[in-house]
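**Student:** Fit chain B to the known structure of chain A by using the hints.
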Amino acid sequence: MQNRVHFTPSLEGENSPPWKFQYQTMRRLGRPGRAGVMRGGEAMNEALRQEIERLVDSDVQAALPEAVEAEIRALVGSDEQCLITLYADITPGGAYGDRWFVATDRRVLTVADDDGQVHVEVQVPWTQVRRLRLRDFLGSGSLEALTDDRAVELVRFSRTEAPTMARAYHILRRLASEDDTKAAKGRRDGSGGHQRALRCPNCGRALPRWSEVCTFCMQRGKLFVRLLSYLEPYKALAITGFGLTLVFSVLNLLPAYVSKYLVDEVLLMRYWPGLSLVLLLLLGIYVTRAVVGLARGYMLEWLGARVVFDMRVQVYDHLQMLSLGFFGRKQTGQVMSRVTNDIWRLQYFIAEGFQEILINILTVLIIAVILFTQNARLAALTLLPIPLISLSTYIFSRLIHTVYHKVWRRWASINAVLADAIPGIRVVKSFAQEERESRRLRERSQSLFDQEIRAVRLWTTFFPAVNLMTAFGSLVVFGYGGYQVLTYAMSLGTLVMFTQLMWQFYWPIQMLGMMTHRVQHALTSAERVFEVLDNPPEIPVPPDSIKLSRVDGRLEFRSVTFSYEPGKPVLTDISFLAEPGDVIGLVGPSGAGKSTLVHLVSRFYEVEDGQILLDGHDIRDISLRFLREQIGLVLQEPFLFHGTVSENIAYGFPDADPEDIIAAAKAANAHDFIVNLPHGYDTLVGERGQLLSGGERQRVSIARAILKNPRILVLDEATSSVDTETEMLIQQALDRLVSNRTTFAIAHRLSTLRKATKIIVLEHGRILEMGTHNELLDGDGLYSRLCKLQAELSKVRAW
Amino acid sequence: MTEPEDNRTDAPADALWKAEIGRLEIVAPHRVRVWQDAFRRLHLELDGKTEHIDVRPTRAFPISGAADLISFLDSDDKEVLLLQNPAGLDPDSRKVLEEEMGRSYFVPKVTHIYDIEDSHGAARWEVETDCGYRVFDVRDREDVRVLGGRRVLLQDADGNRFEVEDIEQLDDRSRRLIDKEI
Numbered sequence: 001m002q003n004r005v006h007f008t009p010s011l012e013g014e015n016s017p018p019w020k021f022q023y024q025t026m027r028r029l030g031r032p033g034r035a036g037v038m039r040g041g042e043a044m045n046e047a048l049r050q051e052i053e054r055l056v057d058s059d060v061q062a063a064l065p066e067a068v069e070a071e072i073r074a075l076v077g078s079d080e081q082c083l084i085t086l087y088a089d090i091t092p093g094g095a096y097g098d099r100w101f102v103a104t105d106r107r108v109l110t111v112a113d114d115d116g117q118v119h120v121e122v123q124v125p126w127t128q129v130r131r132l133r134l135r136d137f138l139g140s141g142s143l144e145a146l147t148d149d150r151a152v153e154l155v156r157f158s159r160t161e162a163p164t165m166a167r168a169y170h171i172l173r174r175l176a177s178e179d180d181t182k183a184a185k186g187r188r189d190g191s192g193g194h195q196r197a198l199r200c201p202n203c204g205r206a207l208p209r210w211s212e213v214c215t216f217c218m219q220r221g222k223l224f225v226r227l228l229s230y231l232e233p234y235k236a237l238a239i240t241g242f243g244l245t246l247v248f249s250v251l252n253l254l255p256a257y258v259s260k261y262l263v264d265e266v267l268l269m270r271y272w273p274g275l276s277l278v279l280l281l282l283l284g285i286y287v288t289r290a291v292v293g294l295a296r297g298y299m300l301e302w303l304g305a306r307v308v309f310d311m312r313v314q315v316y317d318h319l320q321m322l323s324l325g326f327f328g329r330k331q332t333g334q335v336m337s338r339v340t341n342d343i344w345r346l347q348y349f350i351a352e353g354f355q356e357i358l359i360n361i362l363t364v365l366i367i368a369v370i371l372f373t374q375n376a377r378l379a380a381l382t383l384l385p386i387p388l389i390s391l392s393t394y395i396f397s398r399l400i401h402t403v404y405h406k407v408w409r410r411w412a413s414i415n416a417v418l419a420d421a422i423p424g425i426r427v428v429k430s431f432a433q434e435e436r437e438s439r440r441l442r443e444r445s446q447s448l449f450d451q452e453i454r455a456v457r458l459w460t461t462f463f464p465a466v467n468l469m470t471a472f473g474s475l476v477v478f479g480y481g482g483y484q485v486l487t488y489a490m491s492l493g494t495l496v497m498f499t500q501l502m503w504q505f506y507w508p509i510q511m512l513g514m515m516t517h518r519v520q521h522a523l524t525s526a527e528r529v530f531e532v533l534d535n536p537p538e539i540p541v542p543p544d545s546i547k548l549s550r551v552d553g554r555l556e557f558r559s560v561t562f563s564y565e566p567g568k569p570v571l572t573d574i575s576f577l578a579e580p581g582d583v584i585g586l587v588g589p590s591g592a593g594k595s596t597l598v599h600l601v602s603r604f605y606e607v608e609d610g611q612i613l614l615d616g617h618d619i620r621d622i623s624l625r626f627l628r629e630q631i632g633l634v635l636q637e638p639f640l641f642h643g644t645v646s647e648n649i650a651y652g653f654p655d656a657d658p659e660d661i662i663a664a665a666k667a668a669n670a671h672d673f674i675v676n677l678p679h680g681y682d683t684l685v686g687e688r689g690q691l692l693s694g695g696e697r698q699r700v701s702i703a704r705a706i707l708k709n710p711r712i713l714v715l716d717e718a719t720s721s722v723d724t725e726t727e728m729l730i731q732q733a734l735d736r737l738v739s740n741r742t743t744f745a746i747a748h749r750l751s752t753l754r755k756a757t758k759i760i761v762l763e764h765g766r767i768l769e770m771g772t773h774n775e776l777l778d779g780d781g782l783y784s785r786l787c788k789l790q791a792e793l794s795k796v797r798a799w
Numbered sequence: 001m002t003e004p005e006d007n008r009t010d011a012p013a014d015a016l017w018k019a020e021i022g023r024l025e026i027v028a029p030h031r032v033r034v035w036q037d038a039f040r041r042l043h044l045e046l047d048g049k050t051e052h053i054d055v056r057p058t059r060a061f062p063i064s065g066a067a068d069l070i071s072f073l074d075s076d077d078k079e080v081l082l083l084q085n086p087a088g089l090d091p092d093s094r095k096v097l098e099e100e101m102g103r104s105y106f107v108p109k110v111t112h113i114y115d116i117e118d119s120h121g122a123a124r125w126e127v128e129t130d131c132g133y134r135v136f137d138v139r140d141r142e143d144v145r146v147l148g149g150r151r152v153l154l155q156d157a158d159g160n161r162f163e164v165e166d167i168e169q170l171d172d173r174s175r176r177l178i179d180k181e182i
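From first to last, the protein sequence lines stand for chains A and B.
Just so you know, our numbering puts 267 at position 267 of the first sequence, and the rest follows in order with no gaps.
Just so you know, our numbering puts 133 at position 133 of the second sequence, and the rest follows in order with no gaps.
Here chain A stands alone, though its shape is the one from the complex:
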């Protein structure tokens, strides 16, 4: 890495992020060519030349170190032009090492740079290259050149370089005289879809998957300030609370002052009236302190609860806005833990922790002032153990932070197990795996326990140690103070006050030490909560989004390409048109991309390439809310919310008329079973609708879709998990539903697609066949094969 020379990028600014260093603009070896780059006597076509130009301008090209450049210069002719330079990071032997791949207009070659030992490793003239091949492995890849009689491995590279290689590859293939159409297609097989992981624009580190925020660049101070910003709406109350806290702290210290007076002026002077004065004074102080303490406690507790309330609402609102991608990446338990545990911990901190910190800091400051004005030398001695206490507190807080983070993670993992096993309890029981699930939980609980014990061990060592230090401090005060009193350098009353204040002084310091972990804890929680909040809501809504006045439901896919993970396209080049009233049947093996396709219609995910048009408008221009209002979704596993049957049907339309609800239920063939339920439409369906059967749940969800009256209906294997009779009922319901709408129906059972006006057969994310049932049956393709197979099956097994 160190021996690499970086050329100053000519196109990018000086402030380009540091990680980009190896992809900077290429330095050409020859003269920058104009239109007529020659290869094999023929002029390179304009489109290809432009694409190379674009590549040169992008960050794909690597800058060559001087030594490498010299080596290449020595090899190539003066009129030979260097087109593409790429960096690769694995040697042919499979170790990490610097390799430079160069394509000129005459040859491809690889230069090795093994710690300064520069040499040309491979070179193949273009005249011999028949084809290039990019190979994708787990964790690495390679580029090969195929000639008439052999294959030559040009470079090996890790996945870090894979996106760059893939981008250059499709241009290289065209240089290798493959026809353009083929190369253009090759780009779509995924190599073009490669993307780099998102990186922090500030420090260049990869961003965590669930967050758009770089946690390295996030500052604790800022975190704290941000936490405090939640107090903003309650400024007056917060300031009053703070003022009362100040008064409370002072009131706490006054008795020590009074005892100095008591000793010096009353007891030693035998001044009788003074005693009752002192008693009255103390009584007044105690009563005021109680009142102030009460008011202050109430105010701050209220503030804490209120702030957390605001925050919880905000987080939950925000969670609703986040993309499905966010939820796919995180386990439900972890997300839940953020809404509940983390926010709860923040409440504890804001309500109690925060005010304790305030009191303690104030107390320390006030006492320090009093002590120094009374007797500076003694005060200095009293402060002697402070650096030690501070230092050990600092070390302790760092250790405890790590441990608490682990504790938090263990907690989340326990939650994740529960969120997994409880809803899946039927599967667990049917496989008689109760013990295994218990064991899983036990193991994680054990792990949580271990970490908690580590934390306990840490702070049970810390406090006695700090106690010992303060005890030493008190010895010094008694010694030196006693000496001063005996030599009449200081009054007895002052010593009494000192000893009282001394303990009042060490205590807050220790408290602050103890607070550190609470602060850390709270900051960790704050970090996690803010992470959720800082995730931008799914798809930015363009301000000028269109709201169509009337939707016909004409839906068109124009060469749509999509991938969940860069480089692994789930859908490739999907084009078709669905007119209102069409029933589009989607058929294909599992994983062919059927569900993904319909998810794209709802814009749960954004297309990577191409367009989806609704009535001629790109769906990205249509307001998301409006778009989804037009779409009714019936899933294989219908999700019902905890509530009554009617609430579930009217989900999305809480104000729907009961008559409409019943009409929808009737249309969904759900009415009969609903009225047979003990409480009719008011029957509670249980969590996730578990009190209903699968077919019943399905019909409720269809009623839900019918009530919504969407223009586009998506049936994602809506009938695949019910019995034949129920299927028939559902099918009838669906037939009522599909008229006049655009319907997408995903089905494994081809019999359910008999009404489809168009059937699309998907395989590996591509459209394999498209047409009506009869057309496809005659076509002798995958569809007709599947039909025959299912017909065979139906003879044996009734479905």
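Simulated from the structure, these hints should not be mistaken for laboratory data.
Every residue, glycine too, gets a C-beta built ideally from N, C-alpha and C.
Errors might be hidden in some of the hints.
As the list claims (entries may be wrong) - Pair ranges (Cβ atoms, derived):
#, chain 1, residue 1, chain 2, residue 2, range
1, B, Trp35, A, Asp148, 56 to 64 Å
2, B, Asp172, A, Asn467, 44 to 52 Å
3, A, Asp148, B, Glu51, 16 to 24 Å
4, B, Arg175, A, Asp148, 52 to 60 Å
**Tutor:** Chain B only, in chain A's frame:
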């Protein structure tokens, strides 16, 4: 469960099941020969006759290693042969296969950890591997998988894989660093 006292959950491997479903054809290594041609394609020969050209070997259990089985796939990703105990191949075949596997599973083994900068978000690892020095970013805690308490599999932000074979075998400093991540 046929035997209530048996709480283990083995596959239902009774004789009937084996006869009906579990008739898995696994090929012993002595029947197989593997070689590579000039086009870097793998050739596969069974019992000296059936030849498959351009096959791709994949491990059936690449992570757990539960069984030492290698599945050979043709260019359409269809399995052509399931090979048992690849170590039993003739030396030439074994060498070819090992080289090919080393290529298709590039998972450097972490031997020493210089530093892990973690901010509870993405973490930057600076490590020494058996393939050399490397710095990489791990985006998410879920990309650090601990297997059996001692083995750690890592995936970085770009999809590169790394492995710590045994935490206990690492030096103290490395162990302390990795301990915070798991």
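**Student:** Given the hint of 52 to 60 Å, check if Arg175(B) and Asp148(A) actually sit that far apart at their C-beta atoms.
**Tutor:** With Cβ atoms ~54 Å apart, the hint holds.
**Student:** Falls inside 44 to 52 Å, the C-beta gap from Asp172(B) to Asn467(A)?
**Tutor:** 31 Å, violated
**Student:** Given the range 56 to 64 Å, decide if the beta-carbon distance of Trp35(B) to Asp148(A) lies inside it.
**Tutor:** Violated: the Cβ-Cβ distance is about 20 Å, outside 56 to 64 Å.
**Student:** In this structure, is the beta-carbon distance linking Asp148(A) and Glu51(B) contained in 16 to 24 Å?
**Tutor:** 22 Å, holds
Hints 1 and 2, counting from the list given before, are not met by this structure.
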